[in-house]
Amino acid sequence: MVTVGRVAKAHGVRGEVSVEIRTDTPDERFAAGTVLRTASPRSTMSSRRGVRAHGESAPGSPPSSLTVRDSRWHQGRLLVLFEGVEGRDAAEALRGVELQVEIGDNETPEDPEEFFDHQLVGLQVVTAEDAEIGEVTEVIHGPAQELLAVRPRGGGEVLVPFVSEIVTDVDVAAGKLVVSPPPGLVDLPDVETAGHGDDEPDTAELGGGEGPDR
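Note that numbering that gives the first Met the number 0 gives residue 198 to position 199 of the sequence shown, counting from 1, and the numbers run on in steps of one.
Treat the hints as calculated values from the structure; they're not laboratory data.
Just so you know, even glycine gets a beta-carbon here, dropped at the ideal spot from N, CA and C.
A few of these clues could be false.
20 Å max Cα-Cα, derived EDC-like pairs, lysine to aspartate or glutamate [said to hold, decoys possible]: (1) K175 / E156; (2) K8 / D129; (3) K8 / D69; (4) K8 / E19; (5) K8 / D110; (6) K8 / E91; (7) K8 / E164; (8) K8 / D88; (9) K175 / E128; (10) K175 / E164; (11) K175 / E101; (12) K175 / E131; (13) K175 / E113; (14) K175 / E112; (15) K175 / E145; (16) K175 / E85.
DEER-style ranges, computed between Cβ atoms [stated by the list, open to error]: (17) L158 / D88: 29 to 35 Å; (18) S179 / G153: 17 to 23 Å; (19) R71 / P181: 19 to 25 Å; (20) Q144 / S63: 23 to 29 Å.
Could you build all of it, start to finish, from the sequences and the hints given here?
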């Protein structure tokens, strides 16, 4: 699954929502009749995989899928009306919900500088000097920027902005992501040079990232 959009807010009183686009083909992804899976925002779920099967939803959570009734452009924004979402209150309840579609195993974004979430999850994060920082466990799509959740060898979590000034190289085939972290972002004295530590490397149990095809 990849995330192709995120509900920003309700629009008007009919039940339409404004969608933040994360796909190169929004007219295709949000065509009438398209069924989109949903994932709750990270603030309410520990894993973005937490979509219940068979249409079941936890109390207060969005339905597991939404069907596009209609979509249109308005002042540069994509407005979408979903089946069964009637009125502003119902639309507002979807705020922050991520909208996802299934993709083929070999499908990749058209832009070589962009990546699906599942391509990034599991990559080893190192510095240009090959100092080992940790492993990408999740891609977080915030309103301002995308963040990589990285699990260091010693535990905890580091959030790395997914911008070219910090993430200098992504080599999916090699399973490696190179960063140039600003001071204070990563505790470099506590990380080891890849392949030169005395301890056996940990094997992290990864959560799934289902991500954008921008």
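Here is how each hint holds up against the structure:
1. K175 / E156: The hint holds at about 18 Å.
2. K8 / D129: violated, 43 Å
3. K8 / D69: holds, 16 Å
4. K8 / E19: holds, 9 Å
5. K8 / D110: Given pair K8, D110 is violated - Cα atoms ~28 Å apart, limit 20 Å.
6. K8 / E91: holds, 6 Å
7. K8 / E164: violated, 30 Å
8. K8 / D88: Measuring from Cα to Cα gives roughly 10 Å; hence the hint holds.
9. K175 / E128: With Cα atoms ~13 Å apart, K175 and E128 stay inside 20 Å; holds.
10. K175 / E164: This hinted pair holds, its Cα atoms lying about 17 Å apart.
11. K175 / E101: violated, 25 Å
12. K175 / E131: holds, 10 Å
13. K175 / E113: holds, 15 Å
14. K175 / E112: holds, 15 Å
15. K175 / E145: holds, 18 Å
16. K175 / E85: violated, 46 Å
17. L158 / D88: 29 to 35 Å: holds, 33 Å
18. S179 / G153: 17 to 23 Å: Between S179 and G153, where Cβ atoms are some 21 Å apart, the hint holds.
19. R71 / P181: 19 to 25 Å: violated, 42 Å
20. Q144 / S63: 23 to 29 Å: holds, 28 Å
Hint check: violations occur at hints 2, 5, 7, 11, 16, 19; the rest are consistent with the structure.
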